[in-house]
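S.K.: Below, each chain spelled out in residue letters.
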Amino acid sequence: MAALTILYFARVAETMGRSSEALDRPHGVKTLGDLADWIEKNGGNLGDRAKLRGAIDQRMATLDTALGDAHEVAFFPPVTGG
Amino acid sequence: MIRVQRQDFDPGAELAALEASGAGAVASFTGLVRPDDGVTALTLDHYPGMTEAALTGLADEARDRWPLTALTLIHRVGRLEAGARIVFVGTASSHRAAALEACAFLIDRLKTDAPFWKREHLAGEDRWVEAKGTDDAAAEKWR
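Line by line, the protein sequences give chains G and A. Mapping to my numbering: the first sequence position 36 is 107, numbers consecutive. Mapping to my numbering: the second sequence position 21 is 23, numbers consecutive.
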């Protein structure tokens, strides 16, 4: 399985207790939402799912977006710049 | 021109650079830290790499939609005190409508599409700023 870097930002980094990790993509994980489920089954806390956003290879994505051959995935709350 | 930086910027110098592009019209927006509800400072967190890519994507989309002669996007990160400048959007075009519309498009979409997060500092408390539904609505009208 391909190596995957996962980044966490803002409140999601706080609930996860870390800002990044690397892992081999788990079997059966096809979408960003599948990966969120897997992380939480393995003890992670991504917080309120309604306020969970993400990116795949530095492009905004939704939880139903397929991971494809992604190398870098990120989870974060809705953005508040500007 | 796109910059993500910790240091302050000079809006006057940025406007002069836009004027030098030879356009007939320059529009700009400067966003500042609002001292609402006892907020003394903000810390701007971001996603290095993706931030620049997202801003570049918005700039490309603005150039596709309006005939711009120049475009400047500056967003600061790190700790910013009340009253400090956060963001600068500047656009130059032959005519006012394109400059004004592109400027509004860029700041509206930046608020929903670029990976920045604000944390507010108050006396004795820190808190993440919550995203506003009105920002989504403002960005949506450009889609």
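Hints in this document: simulated from the structure, not taken from any laboratory. Hints are not guaranteed to be accurate.
Claimed, not checked - Here are some of the chain G residues that sit facing chain A, going by a computed Cβ distance under 8 Å: (1) Ala126; (2) Met131; (3) Val150.
Unchecked claim - Where chain A lies over chain G, by a calculated footprint (3+ residues, C-beta under 8 Å): (4) 80–87; (5) 140–149.
Stated by the list, open to error - The following label-pair restraints were derived from C-beta to C-beta distances: (6) G/Asp119 to A/Gly14: 39 to 45 Å; (7) A/Glu142 to G/Lys122: 14 to 20 Å; (8) G/Gly139 to A/Gln9: 36 to 42 Å; (9) G/Asp135 to A/Gly40: 37 to 43 Å; (10) G/Gly99 to A/Ala15: 50 to 56 Å; (11) A/Thr45 to G/Glu111: 43 to 49 Å; (12) G/Glu111 to A/Thr32: 38 to 44 Å; (13) A/Glu142 to G/Asp119: 20 to 26 Å.
Just so you know, even glycine gets a beta-carbon here, dropped at the ideal spot from N, CA and C.
S.K.: Which of the listed hints are not met by the structure?
M.R.: 11
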